Amino acid sequence: MAQLNGNIALRCTNVHRSLGQGENRVHVLRGVSFEAKRGEVHAIVGPSGCGKSTLLYLLGLLDRPDSGEIWINGELMSNTVDAARTAARGEHIGFVFQFHFLMLEFTALENVMMPMRKLGRLSVAEMAERAKMLLASVGLGEKTHRLGTQLSGGEQQRVAIARALANQPSILLADEPTGNLDAKNSTMVFDMMTRLARENGQAIILVTHNPEIANRCDLVRPMKDGLFV
Amino acid sequence: MLMSLACIVLGVGLFIVTQATTSGFEDFFIKTILGTNGAIRVEDKIQDTLRSMSAGGNDSTSKFQIRGEGQKYIEGIEEPNIVMSGLREFSNISGVSEVLHGSVLLHSAFKTEGVQIYGINLEDHLRVSDLEHQIVEGDLADFRASPSGTILGKDMADRLQLNVGDSFILDASDKIGRQQRRFRVSAIYQTGVADIDRVRLYAHMEECRSLLHKPTGASFIQVNIRDKDRAPEDALRIEAVLHYSAHSWQEREKSWLGVFRALRISSAITVSVFTLIAGLAMFNTLAMMVLEKTKDIAILRSMGYTRDDISGIFLWQATIVLVIGTVVGVIVGAGVTYAVSRVHISISGIFKTDTFIVAWSIWHYVQAVLTAIVMVMIASLVPSRRAARLEPGDVIRGTAQ
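Chains as they are written, first to last, in this note's numbering: chain Z, 42 to 270; chain F, 27 to 427.
Hint data in this document are derived by calculation from the structure and do not stem from the laboratory. Remember, predicted model here, so these are calculated numbers, not experimental data. Glycine residues also receive a C-beta, built at the ideal position from the N, C-alpha and C atoms. Take these hints with a grain of salt, some might be off.
Output of the computed footprint for chain Z on chain F, the stretches with three or more beta carbons under 8 Å from beta carbons of chain Z [said to hold, decoys possible]:
| no. | stretch |
| --- | --- |
| 1 | 99-105 |
| 2 | 331-343 |
Below 27 Å or equal to it, Euclidean Cα-Cα: the simulated DSSO-like pairs (lysine-lysine) are [as the list claims (entries may be wrong)]:
| no. | chain 1 | residue 1 | chain 2 | residue 2 |
| --- | --- | --- | --- | --- |
| 3 | F | Lys321 | F | Lys280 |
| 4 | F | Lys378 | F | Lys280 |
| 5 | F | Lys280 | F | Lys98 |
| 6 | F | Lys280 | Z | Lys184 |
| 7 | F | Lys321 | Z | Lys184 |
| 8 | Z | Lys173 | F | Lys378 |
| 9 | F | Lys254 | F | Lys201 |
| 10 | F | Lys254 | F | Lys378 |
| 11 | Z | Lys184 | Z | Lys173 |
Working from the sequences, and respecting the hints, build out all of it.
Set out below in structure tokens:
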């Protein structure tokens, strides 16, 4: 298998992706190339429909490109089988979505433990310990046993960040992580995410409409009509 | 999910109850007929009607033997002891009893009626019937001790107003002449089969032979077997080996067994509909759940959970509902079966009972549980596979937009 070395956590080259069927099919990504190193925070910005989220899902191996290559930690993953992509997601990638996507029937602690349970590297006690530590680091040390429904929007998003970091992934992908929060919570969530990621040497790629957030990132990549401009 | 649970409970419970009640009456009927007329009745010698024809060629000794049209019989059994010792050689046969019967008139103080006298050797007959447990008045000890003792059917005793200890006269007429003898009621039995209880009277074999002027022979031999379900095969073997016609209980009671079979099919259809409804409810619940949980499925997939994990989660949920449903269903089924068995219902004619008859069989429960497992697993497979096939990117993109 082809290998990439160095500090590059994620790289894609000439990625194309069309969405929709028949006459409604739209060429969303038109040959996008991109790379992110460990410890860097990238912001992808642009108008709605320019392909930001589509690119993010491709980079997170949640979707398949029509053509082009995606490399995760030196492994070419764009054309691999579902099992390999699923395993790579569990091990190397953490996701934070706009609408937090917590399992509301479970507690904050259980939500954070879920990725660890699947990876299976730690014992249950170790998982619980790490989940508590992560929740404490996002300021929810006192609310570990609260159900998702008993947390505010900002708190749910912080739990989602803790969950994304649970398996110590090398890449953190965030789709409008502050899009559903007020200004105060937006700043808090962004600061927390970048601080924790930098501490652990993780590459962060976030899609945002918020110029203030974007300007605080290391690199800002504006997109238009399916291409970086 | 509660609806699915309720449907499984109902399906399993109803399955058990219908099986218990349907087979309860059938089993009781079979028990009654085995307890009265035995598993196999051997009677009438098969007359040799084989014809021979030349097989052709010069060898005149080569012949085919072919069975003639229909079979002819010589009524009764001439040498019952020889036939009985032959029957005892069959491994499945547990008891044989020669019976001599004939029509006589019974004169009681109240009225005169035609009855059927059955001459038996009591100890032999107890091995091929439930007569001992069918006694409702008097006792067999009195019959054993008294040569003129008889055992009357309950309906006969009631109609003729005879009680235990009463005397009556039996009047037999044949070509030799007319003979009257005085007998005494030692006991009264009740099988519940009206045709038997109304006309059948048991007497000692020697007394019966004397009354009917039949010093030798028997009308038939009643046979009891260890495995009642093997009766048709054993009857065929008896015919082949002993050249006496032999009728299994299944052959004799073909029409009533047909009625029970029809009832069983009818209840099976009812039960199938309920289990189908339970399966559909489970399918519907899980299909709805997959729709409701698409976001959760996508987030689990994004965390590294595989398609099999997702499928497994839904199958696991179905299994939990199935386990709870079957356990509760089994308890409900057993409880309702018990309650039904306490219901008072007076039936006589083909058998006698004062309560609803139910059959307690572990197989009813095994069948109910297996049916529920198959139904629920089939119903769960499609939604769980559908959940596993969901593409996380499609789901998240659709939700995010």
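Check the structure against each numbered hint from earlier and tell me which ones fail, lowest number first. When the structure is compared with the hints, numbers 1, 3, 6, 8 and 9 turn out to be violated.
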